[in-house]
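Undergrad: Required output: the full structure, derived from the provided sequences and hints.
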Amino acid sequence: MKTGKLRLTTVGVGVLLGTLTTISPALAAPPPKPEPGASAPLQEQQRSAAESAAPGSYQEDFVAVAGPAAQRVRDDYDIPASTTVGQAILESNWGRSGLSANDRNYFGFKCVDAGSPGPIAVGCHAYDTTECTPGCHTVTAWFRVYASMEDSFRDYARLLTTSGLYDHALPYRHDPRAFITAVAHPYATDPDYAAKVIGLMDSYDLYRFDSGTQPGAMPGDEGIAASASYRYGNQEHMFSKGADGALLHSYNTGEAIESESYPAELAGEPVAYVAGDQQHVFALLTGNRLGHWFWNPTDADPTFEVAASDIAGNPTGYAFGGQLHAFARGTDGKLKHLYWAPGEPDLIEENLAQSVAGDPVAYVWGDQQHVFGRTPDGRLGHWWWQTTDNEPNYTVWGGTTLAGDPAGYAFEDQQHVFARGTDGTLKHFYWTFDSGVVEEPLGAPLQGDPVAYVWNDQQHVFARTPENTLGHWYWTPVDNEPRHDDWGGNLGSDPAGFATPTQENVYGRSGDGTLTHWYWNTEMAAPDVETWGQ
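In this note's numbering, the protein residues as written are 6 to 539.
Since the hints were made in silico from the structure, they are not lab data.
As the structure is a computational prediction, the values presented were derived from the model and not from experiment.
Fair warning: there could be bad hints in the mix.
Distance windows between CB atoms, simulated [as the list claims (entries may be wrong)]: (1) 327 / 117: 13 to 21 Å; (2) 327 / 107: 52 to 60 Å; (3) 429 / 65: 49 to 57 Å; (4) 301 / 336: 29 to 37 Å; (5) 483 / 350: 46 to 54 Å; (6) 166 / 268: 47 to 55 Å; (7) 429 / 304: 20 to 28 Å; (8) 302 / 137: 29 to 37 Å; (9) 117 / 240: 43 to 51 Å; (10) 268 / 382: 33 to 41 Å; (11) 441 / 63: 50 to 58 Å; (12) 248 / 195: 43 to 51 Å; (13) 69 / 359: 31 to 39 Å; (14) 441 / 408: 18 to 26 Å.
Ideal Cβ positions, reconstructed from N, Cα and C, are used throughout, including at glycine.
TA: Structure representation (structure tokens):
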């Protein structure tokens with residue numbers, strides 16, 4: 006497996022490489038006219054202060070002002086507002102740094118010289134600061150002065166969209182978490198920089214300022230395939246088919262496990278994802294219908310609709326921009342695509358030309374949409390769209406034959422798919438720009454279908470073992486072969502799961518039908534198991 010070490014590992018001088026006037030020529034970035042960036046020691050002080058800031062009303066006050074400003078900049082530069090606000094918090098210590106308070110400079114950007122503030126700033130202000138090249142000494146540096154917070158945000162967005170240093174991040178501009186992970190290098194030397202910004206985005210629900218994106222690293226996010234579970238705000242949610250065919254909704258409020266049942270006639274297992282501030286669930290109903298439940302932020306109960314007919318399998322889906330997408334096998338055996346688009350009064354249905362057996366999996370990768378499904382002859386079919394495509398591209402990955410349905414995700418510049426082979430063992434397919442499609446038989450026996458996701462810089466796969474325990478395979482950045490352990494328990498169904506920045510969550514039903522939650526976080530020596538009831 007070509008997992009590789011993280012391409013985004015941060016190295017360097019902790020500021021905007023290619024914009025820092027104090028980098029020695031041997032380390033300077035390639036753009037011919039680099040812009041000056043921030044003072045590394047100065048910005049490190051602000052970041053440290055922002056991280057240690059005690060909770061206070063000023064934090065929500067800052068977010069209330071910064072969010073709308075970032076949204077206006079997003080509309081012009083197509084940069085996620087959540088990452089703009091998150092970075093501004095970290096770089097300006099919640100707007101309390103001297104640069105932000107005096108000069109409305111929220112990112113510590115410097116002038117080329119005293120008379121060159123750049124195309125957006127209105128002037129330059131001299132400050133004594135410490136520079137290290139590599140020896141540290143005090144110098145007088147000129148920092149940009151802006152007319153408003155919005156102008157500072159605009160200069161930040163202009164830099165990210167015009168400097169070649171950040172070209173690798175732009176394909177992820179509709180996935181805030183992936184975008185800041187890509188921006189983090191070359192922006193900062195702190196290897197935890199992206200995680201710190203993402204932590205702020207999660208804690209203060211900065212995703213509410215984005216359009217068509219969703220809070221947290223949830224299934225349905227770009228790069229992560231939809232599952233039956235997700236996190237919305239600070240709550241964990243799991244959907245399943247009840248014993249009476251109803252849609253069962255179980256969730257952790259942070260204080261207790263709650264459950265609700267919505268009358269329905271489910272004929273399969275649901276899939277769920279978050280889009281913006283909405284929550285969406287799709288499931289196959291009796292009579293070959295597709296049910297759709299959704300919540301707006303103020304809804305106590307979901308709105309329900311029958312979204313389509315002629316459906317023969319369990320759906321998958323994702324949010325992409327302002328659109329909602331669902332895919333499932335039709336009664337004619339073809340892959341059916343349903344989507345809702347802004348400005349369109351009705352659901353749009355597409356019947357794709359190729360056949361699919363079983364249930365597909367789908368995710369977004371940058372500005373591309375990808376769907377995988379088992380072909381009638383047991384191979385791995387792949388459909389994908391780029392932004393310029395009206396019709397999907399289609400190919401078959403490899404020659405391995407499959408007996409189960411796939412799971413998958415995108416990881417950096419790689420795509421990964423897992424499924425049970427006809428020999429009953431776990432198969433791994435992956436694609437990179439350099440290698441193309443690679444088939445990797447992992448040899449591990451399993452029952453049913455796996456679930457897979459990315460957790461920070463690690464890749465994780467879970468499946469039911471022949472002993473009905475929760476099997477776990479994972480890769481860290483230094484691994485060429487997967488590590489394996491067993492999370493135990495009594496698993497009687499296919500698992501579902503997702504990860505937050507600090508915790509992994511896997512759900513399944515035990516042999517007696519009890520909903521069970523396996524979890525592990527960075528403070529635990531081993532995973533734990535708890536029951537969520539029926």
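Undergrad: If a hint holds in the structure, say so; if it doesn't, say that too.
TA: Verification of the supplied hints:
no. : hint                  : result
1   : 327 / 117: 13 to 21 Å : 39 Å, violated
2   : 327 / 107: 52 to 60 Å : 38 Å, violated
3   : 429 / 65: 49 to 57 Å  : 53 Å, holds
4   : 301 / 336: 29 to 37 Å : 32 Å, holds
5   : 483 / 350: 46 to 54 Å : 52 Å, holds
6   : 166 / 268: 47 to 55 Å : 49 Å, holds
7   : 429 / 304: 20 to 28 Å : 43 Å, violated
8   : 302 / 137: 29 to 37 Å : 46 Å, violated
9   : 117 / 240: 43 to 51 Å : 48 Å, holds
10  : 268 / 382: 33 to 41 Å : 40 Å, holds
11  : 441 / 63: 50 to 58 Å  : 52 Å, holds
12  : 248 / 195: 43 to 51 Å : 50 Å, holds
13  : 69 / 359: 31 to 39 Å  : 49 Å, violated
14  : 441 / 408: 18 to 26 Å : 25 Å, holds
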